[in-house]
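There are 2 protein chains.
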Amino acid sequence: MPRTTETASFKFNHTMLRVKDPKVSLDFYTRILGMELLSQKVNSDFTLYFLAFNHEGRELTNEEKEKSRFAREGVLELTHNHGTESDPDFKGYASGNTEPGKGFGHIAITVEDVEKSCEWFEQLGVQFKKKPSEGKMRHIAFILDPDGYWIEIVPAVLEL
Amino acid sequence: MPRTTETASFKFNHTMLRVKDPKVSLDFYTRILGMELLSQKVNSDFTLYFLAFNHEGRELTNEEKEKSRFAREGVLELTHNHGTESDPDFKGYASGNTEPGKGFGHIAITVEDVEKSCEWFEQLGVQFKKKPSEGKMRHIAFILDPDGYWIEIVPAVLEL
Chain A
0 MPRTTETASF KFNHTMLRVK DPKVSLDFYT RILGMELLSQ KVNSDFTLYF
50 LAFNHEGREL TNEEKEKSRF AREGVLELTH NHGTESDPDF KGYASGNTEP
100 GKGFGHIAIT VEDVEKSCEW FEQLGVQFKK KPSEGKMRHI AFILDPDGYW
150 IEIVPAVLEL
Chain B
0 MPRTTETASF KFNHTMLRVK DPKVSLDFYT RILGMELLSQ KVNSDFTLYF
50 LAFNHEGREL TNEEKEKSRF AREGVLELTH NHGTESDPDF KGYASGNTEP
100 GKGFGHIAIT VEDVEKSCEW FEQLGVQFKK KPSEGKMRHI AFILDPDGYW
150 IEIVPAVLEL
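Protein sequences, first through last, are from chains A and B.
So for the first sequence, numbering that gives the first Met the number 0 puts the first residue at 0; every next one is plus one.
So for the second sequence, numbering that gives the first Met the number 0 puts the first residue at 0; every next one is plus one.
Read the hints as simulated data drawn from the structure, not as lab findings.
Being a predicted model, the structure only gives us computed values, none of them experimental.
Fair warning: there could be bad hints in the mix.
Copies of the same chain look alike in the list, so a pair counts if it fits in one copy or across any two.
Capping the alpha-carbon separation at 30 Å, the derived lysine-lysine pairs in DSS-like fashion look like this [as the list claims (entries may be wrong)]:
id, residue 1, residue 2
1, K66, K90
2, K22, K90
3, K40, K19
4, K90, K115
5, K101, K90
6, K115, K40
7, K64, K90
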C-alpha cells in the first residue's frame, strides 16, 4: 500500500507509560535494557523522560539526542507524576493485562539471542512474567519493568 | 552511553494494544493513519495484527513485510480476542488514562504539519481528545482510536 500524501510524513514515534519512581525506572531502562536517555522535561508537577536505543554506532551529542526525540521511531516516554515515589497511599499503576483496566498489553524488545539475554536479566535480578523455559512459547520471554509493565523479549530477524 | 555487549542487538520493536473489532481498527490504522499491515497471525481464540509505517519508499513483498515484523522499530501489534466485536456484554478496553486502570498513557505519531493532519482527521470523522486550538499546548493534538486509546499528534523534527 503506497503512503498517501496526507500521511507520508507519519512516524510511530513513541509510547508513553506512567512510572512511580523515575530513579528506579531509568536505571532499569538504561543499565539493564541498554536504552539511552534522550531528553527530560521537568514541569511543575510532572517530569517526562524520553528514551531510545542508540542505533547510530556512535555517541550522540546532546543536541542530536534532543532532536532525535521527535525525529525517529522506537522512543519510550516515561511520565513521572511528582510524589508517587514517596506516597504511601499510591497504589501503583495498572499493567493493562488484568481487570480492571485491561487494554494495553506490553512493549516488546527484539534481541539477537533470547536465552542469553534472559541470563543477563536473571543476573541483574529482573523479575520474569514468563521465562523461555515456561509455557508453550519457548522462543520468547516476558520480563516485568519496575512498575509491573510487561516487556516481551522476542528473537530479532536480523536482516531483511 | 555506549551500548553494552549484552544489549547491543536490542530494539524497541513493538507496542501491543487489545482492540474490540479488528475491522474497525485496521481501517483506522491503515486508511486514516497510513500504516501498513505487515502480518496477521490467527490463533484459535485470538488474532494478532502487526502494523507499521512503510519508510522504504517502495512496496514491500509479503516476505519482506513478514520479516520486518521483528526486524524494525515502530511496530504496532493489535490483539483481537475473538468475539468481543459482537458481545453485548463486552464493556470495552481501558485507555489507561483514568482510574481504575491508569498506567499506559498513549502512543504518538509525529507528523510534518499538525494543523493539516488534524484537518485530514476531521474530514474523516476522527474523534479528538484535544484539538490543536484547545488547551495550553497549541502545537500538539490528541485523537482517539476506535477503542478510545489516546494518540498524540506531534510535530516531527524532520532531520537531525
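Status of each hint after checking the structure:
no.: 1; hint: K66 / K90; result: neither (35 Å within a copy, 40 Å between copies)
no.: 2; hint: K22 / K90; result: within (18 Å within a copy, 36 Å between copies)
no.: 3; hint: K40 / K19; result: within (16 Å within a copy, 34 Å between copies)
no.: 4; hint: K90 / K115; result: neither (34 Å within a copy, 41 Å between copies)
no.: 5; hint: K101 / K90; result: both (17 Å within a copy, 10 Å between copies)
no.: 6; hint: K115 / K40; result: between (35 Å within a copy, 27 Å between copies)
no.: 7; hint: K64 / K90; result: neither (33 Å within a copy, 41 Å between copies)
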